[in-house]
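J.: What follows is each chain in one-letter form.
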Amino acid sequence: MIGFPLSDKGLRFGLKPLIFIACLLPFGLLLEGALRGDLGANPLERVTHVTGDWGLRFLLLTLAMSPLRRVTGWTQLLRLRRMLGLFVFFYISMHLLTWVWLDQELRWANIVADIVKRPFVTVGFLAWLLLVPLAVTSTRGMMRRLGRNWQRLHRAIYAIAVLGVLHFVWLVKADLLEPLIYAAILLLLLVVRWRPQLLPGLSRRAGLINAR
Amino acid sequence: MLIRKPSDIRPSEITPPDVYTNRRTFLKAAAAGAAALASAGVSAMSKSEVEPEPIVPKAPRVPMEGVVETPYGKGLELTDYSHATSYNNFYEFGTNKTDPARYAHTLQTRPWTVKVDGECEAPGEIGIEDILSGFTQEERIYRLRCVEAWAMAVPWVGFPLGDLLRRFKPTSKAKYVSFETLFDPKQMRGQRRAILDWPYREGLRMDEAMHPLTLLATGLYGEFMPNQNGAPLRLVVPWKYGFKSIKSIVRISFSQELPETTWWRLAPDEYGFYSNVNPQVDHPRWSQARHRLIGEGLFSNKHETLMFNGYADQVADLYRGMDLRKFF
Chain A
1 MIGFPLSDKG
11 LRFGLKPLIF
21 IACLLPFGLL
31 LEGALRGDLG
41 ANPLERVTHV
51 TGDWGLRFLL
61 LTLAMSPLRR
71 VTGWTQLLRL
81 RRMLGLFVFF
91 YISMHLLTWV
101 WLDQELRWAN
111 IVADIVKRPF
121 VTVGFLAWLL
131 LVPLAVTSTR
141 GMMRRLGRNW
151 QRLHRAIYAI
161 AVLGVLHFVW
171 LVKADLLEPL
181 IYAAILLLLL
191 VVRWRPQLLP
201 GLSRRAGLIN
211 AR
Chain B
1 MLIRKPSDIR
11 PSEITPPDVY
21 TNRRTFLKAA
31 AAGAAALASA
41 GVSAMSKSEV
51 EPEPIVPKAP
61 RVPMEGVVET
71 PYGKGLELTD
81 YSHATSYNNF
91 YEFGTNKTDP
101 ARYAHTLQTR
111 PWTVKVDGEC
121 EAPGEIGIED
131 ILSGFTQEER
141 IYRLRCVEAW
151 AMAVPWVGFP
161 LGDLLRRFKP
171 TSKAKYVSFE
181 TLFDPKQMRG
191 QRRAILDWPY
201 REGLRMDEAM
211 HPLTLLATGL
221 YGEFMPNQNG
231 APLRLVVPWK
241 YGFKSIKSIV
251 RISFSQELPE
261 TTWWRLAPDE
271 YGFYSNVNPQ
281 VDHPRWSQAR
291 HRLIGEGLFS
301 NKHETLMFNG
311 YADQVADLYR
321 GMDLRKFF
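Protein chains in written order, with this note's numbering: chain A, 1 to 212; chain B, 1 to 328.
Everything labelled a hint here was simulated from the structure, so no lab data went into it. Among the hints, a few may not be true.
Said to hold, decoys possible - So the derived list for chain A, only partly shown, Cβ under 10 Å to chain B, looks like this: (1) F13; (2) G14; (3) K16; (4) K173; (5) L176.
Said to hold, decoys possible - Below, simulated DMTMM-like cross-link-like pairs (lysine to aspartate or glutamate); rule was C-alpha separation at most 20 Å, straight line: (6) A:K173 x B:D282; (7) A:K117 x B:D269; (8) A:K173 x B:D317.
Remember, predicted model here, so these are calculated numbers, not experimental data. Cβ coordinates follow ideal geometry from the N, Cα and C atoms, glycine included.
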C-alpha cells in the first residue's frame, strides 16, 4: 500500500509522526514509571541510565542515516535525520538535568568541581555543550543563513559521538562489554564516513548529493 | 597458496573452550546492542532498563529458627525486603543490579564447606550445617553503604566472625585474614567472562576481623540467606563499603602479608584495601559525601554519609594515627 519512496505527504504525515512517537517512548515509559513511583530500587540510577543510553543510541542512529541512505538508495532517510538529532539533544539534556538537579541537587560548586576534575564528567559535559549550537542551528532558516558553514559546524556531531562513547567507557566500573559495543559501532560509522567507497552504494549519484 | 597440515596448527592457536563458549554470550550482547540501535522503535523497548521484567523469586523463602534478637540497629528504618533481595551487586551472576535475583537460583548451597588455612594451629574445614548449629545466630540491623553512593539498612542474621576464627587458632603470624568466593562458572554465569579476576577475594586486618561488629551472615529478615545476597555464608563489615563484604565464602586464610583483594587489583587508585566509609575521601570518579537511600523516591534528598558509616564510636580506634587519605 505504501510505496517507496513515500510521497511527500506520506513522509510528513505518516512516517515522521510515527518515528517521533517511537523516539518519545523511552521517555514516556520513564515518566509513567515516575508517576507511579515504580522506577525500581534506585530511581535516580534508572533515569540516569535510560536517558544516557538512549541519547547515545539516537546519536549513533543519526550518524547511520547517511550511510544507510547510500546503501539503500532511499534518500528520504535524510529528512528524518534532523528529528533524530534533536532527540539526541533532548535525551542528553534530560541526562544532564537529572545529574545537575537530582544527583548533584543543584550544588553548583560541586557541579563545577566535578566537571573540572572528573574526566568522564568533563567529556560528557563537553559533548552536551557541543550539541547546543547544533540544536540551535537545526532550523531550515539557520541552514540557509549559514550556507556552507552549516555543514562545517554540524560535523561536530562526530566529535560529540566520540566524547559520548568515551564518557560511557570511562564511567564503567569493571565490565567494558556494553560501552565497547557502542565504540565498535561508532568506529564502523566513522570508517564509512571517511571511506564511503567501502559501502556498496546502489547509486553513485545518491552518495554525492548533499542534504538540501 | 600454502595449505597447512593439521600438525602445523600450534596448540596456542586453538580457541580455548571458554572463549569458544563466551562467543555466544558476546554475539548475543552484540546483537542486543545492534537491535537497540537498529530500531529506535518497539522491538528495543523490551530492554530491561525501560520496562524491568518482574523478578520471580526462584527459591522458596525459608525462615530460620532460634534467632536471637539484639539491640544492634534498633530504630533504623529497614529497607524493603523486595529491594534488598532484588537490587544487588554480585558480579558472579552479572553486572546488572537485577541479575543476581534473576540468575542466582543456579547456585547450590548444600552441601557447602569452608576451608580454613594459613597461619593457624588448627587448619581444617567446616560445613555450613555445623556453622548454623555451632554458633548462636543473632539478628543485627546494620547500615549497608555501597561504594556507588547508595545505602540500605538490612536485618542480618549471623554471628561474630571472630567466634569462628578463634576455633582455628590463628598464630601470632596471622596479621590478616583473606576470603574467597566460590569459583564455578557452571553455577555462577557471571564468571564465564573475565569481568573480574575470579575468584573474588577480600581481606581484613586481624583486628578488624576480630572486631565484635564484624559479622558472618547466614540470613536476613529472619530467613536463610537468599542466593542473590551471598548464600549460604557471607561477610558483613558495616563500616566499610559493601564490596568488602564478600559473598558465598568457600575459603578463609590467615596470612602475615597484606592480601591482594579483587577490586584493589582491578583499580588500586579507586578501591583501597581498607575502603572504610569516609565522606571526606572521594572515589576518584564521584563524591562519597552523600548517598541515596534505596527505596526512596526519585525526588527525595540524598543523605549525609557518616564517618565509618555511623560506626565511628565503635571502630575509629582501629585506625588511630593512620592517614585515612593515604590508607583509603
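J.: All hints, please: hold or fail.
T.: Evaluation of the provided hints:
no.	hint	result
1	F13	violated, 18 Å
2	G14	violated, 14 Å
3	K16	violated, 13 Å
4	K173	holds, 8 Å
5	L176	holds, 9 Å
6	A:K173 x B:D282	holds, 15 Å
7	A:K117 x B:D269	holds, 15 Å
8	A:K173 x B:D317	violated, 31 Å
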